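*Asks:* Take a look at the letters that make up each chain.
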Amino acid sequence: MTFEIRDIHKSFAGTEVLKGVSLSLEKGEFIALLGPSGSGKTTLLNIVAGLAHADSGSLVFDGEDITRQPAGQRHFGMVFQSYALFRHMTVAQNIGFGLKVMKGGPSRAEIDRRVAELLEMIELPGLADRFPAQLSGGQRQRVAMARALAIRPRLLLMDEPFSALDAQVRVSLRSEVRALQRRAGVGAIMVTHDRAEADALADRIAIMDQGRIVTIETPEQVA
Amino acid sequence: MARILLILLATLFLALMVVLPVVAIFHRAFAEGWGTYLASILDPETLAAIRLTVIAALIVLPLNIVFGVASAWVIARYRFPGRRALLVLVELPFAVSPIVAGLCFLLIYGAYGPVGAALEPFGVQLMFNLTGIVLVSLFVTCPFVMREILPVLMVTGEDEEKAALTLGANGWQIFRHVVLPNISWGLAYGTVLTMARAMGEFGAVSVVSGAIRGQTMTLPLQIELLYNDYNATGAFAAATVLTGLALVTLALRGLLERFGPRRAH
Chain A
4 MTFEIRDIHK SFAGTEVLKG VSLSLEKGEF IALLGPSGSG KTTLLNIVAG
54 LAHADSGSLV FDGEDITRQP AGQRHFGMVF QSYALFRHMT VAQNIGFGLK
104 VMKGGPSRAE IDRRVAELLE MIELPGLADR FPAQLSGGQR QRVAMARALA
154 IRPRLLLMDE PFSALDAQVR VSLRSEVRAL QRRAGVGAIM VTHDRAEADA
204 LADRIAIMDQ GRIVTIETPE QVA
Chain B
60 MARILLILLA TLFLALMVVL PVVAIFHRAF AEGWGTYLAS ILDPETLAAI
110 RLTVIAALIV LPLNIVFGVA SAWVIARYRF PGRRALLVLV ELPFAVSPIV
160 AGLCFLLIYG AYGPVGAALE PFGVQLMFNL TGIVLVSLFV TCPFVMREIL
210 PVLMVTGEDE EKAALTLGAN GWQIFRHVVL PNISWGLAYG TVLTMARAMG
260 EFGAVSVVSG AIRGQTMTLP LQIELLYNDY NATGAFAAAT VLTGLALVTL
310 ALRGLLERFG PRRAH
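Protein chains in written order, with our numbering: chain A, 4 to 226; chain B, 60 to 324.
In short, the hints are calculated from the structure, not lab data.
Computed from a predicted model, the values in this text were never measured in an experiment.
Treat the hints with caution; some may be incorrect.
Here are some, though not all, of the chain B residues that point toward chain A, as calculated from beta-carbon distances under 7 angstroms [stated by the list, open to error]:
no.	residue
1	179
2	218
3	222
4	226
5	227
6	228
7	237
8	240
9	274
Computed far set for chain A versus chain B, every beta-carbon distance over 10 angstroms [unchecked claim]:
no.	residue
10	61
11	87
12	111
13	154
14	169
Note that the Cβ used here is the ideal one computed from N, Cα and C, for glycine as well.
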C-alpha cells in the first residue's frame, strides 16, 4: 500500500507555488513536509486532500489514479491548523460526523461505539457532551485527531497540527499523536515549519523550499 | 444632575415621539367601543386587505430567504470580478426611496414597459395585482436576510465546511449540518425584519398595486383609503392590526437578540 505524488505543478495568479513535486509514501509511514512559509507545503497538502487541484501531475494511491477524485471520496482524514471543529456540535457529534454522513454507513449504535472507543483512545472519555468552545487547545487538537481517524482513513493529513498550542502542551502531544497514528496503522503527511516537531514525529522529512522538495532526510536522533 | 436631566430629556423624547403615537392608535381605534372596533376589523374590505398582506408576505419570505442565503454565500465564499459591485448593489434598495422603486418597476414590468409589453400578448400581467405587490416587496426587502447572514459567514470562515468535505459530506449535508446551524440566528433575525417590512411597505406597493378595493389593497393602503374616506375609526382599527404585527415582530426580535447563542469562539 503506497501513495505517490507525481510531478505536481500549481500556480496562483501567475506565480508558480509548486514546481514539480514528487514524493512517495510507504504503508504506515509518517512524512513531515518541512519548510518556511511560502514554500508550498500547505498547497501541496490541500492538493493531496482534494481541497485544491493541481495544474498538472498526478496522485496515485495503491495504483489507482485519484488526481480527479473529489475530496469526500478519497477517504483521507485531515487535521486542520485551526482544527475546524464544528462549533455547534458536541465532541461526540464532531467525532461521529464522518460516519453519520457516510453512504450506507454504520448504524447509530455502531457510531456511538466507535465514538466511545475514540474518546477512550484520546483519553477524553468524560467530555463527549462538551462543545468545542468549552475545551482547551490541547483537547481540541485531540478531538480533531479523533474526528479524522473515526472514518478509518487511508491516509492522515495534518496541517501544522500543533501551531495553535503553547510550547508545553505541544511537546507532550507529539508522542500522543505519533502513538495514535501508529495504532491506526495509517500513513501520515504532516505540514510543519518546526524542525524539532518533524524530528520527533516523522519517519522521513521532506524539506521544501520555493515550491520544490529540496532533500528528503531521516530525522536527527534526539537524545 | 446633568445625568438626570439627560435621562429625563431622552424619556420625554421617546414618550412624545414613539409611545404616545402608538398609544393614540389604540385609543382612537377603541374610542367608539369594542363593537365598532370589531365591526371595522371584520369589514370585508379590511379583511381582504389583511389577507392579501399576509399572502404577499408569505410569498416574499421564502424567496427572500433563498436568494438572501445564496447571495450571501456567493459573496462570502467566492472571489470573482464584480463581487464588490454585487455587495453594493444588494444594498441599493436601502438607498432608493420606495416610491421611486415602485415607479421603476412600473416602467419595466408595466403594460408599456419592455418586459410587460413582451408578456402582454400571452395574457400575463405583472403589475396592479398580487405579482406586482410581491415583486416590489421583494425589491425593498432584498437586503435584510443577506445582510444578517453575510457577516456570520465571513467570521466563521470555511474551515468547518472543508473539514466536512474531507469527511465525506455532500453539499446538502454540509449546508444542513454545518452551515445552517451557524447562520440560523442571523437567518431568523433577517426573516423577522423581512416580514415586518414586507407587511408594512406602503410607498412601492402603492404605485404598483392599482388600488382596487377589496382586491389589490394591502393593509397599509387600506388604512390610508379609510382615513381619506373620513372613516377614522376604521383606519385606526386597521392600524391596530398592523401595529400589533409590528409589536410581535419587535418582541421576536428582542427574544432573538436575548437568546441567540453566543456559544461560538
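*Asks:* Of all the hints given earlier, name the ones this structure violates by number, lowest first.
*Replies:* Hint check: 1, 9, 11, 13 fail, others pass.
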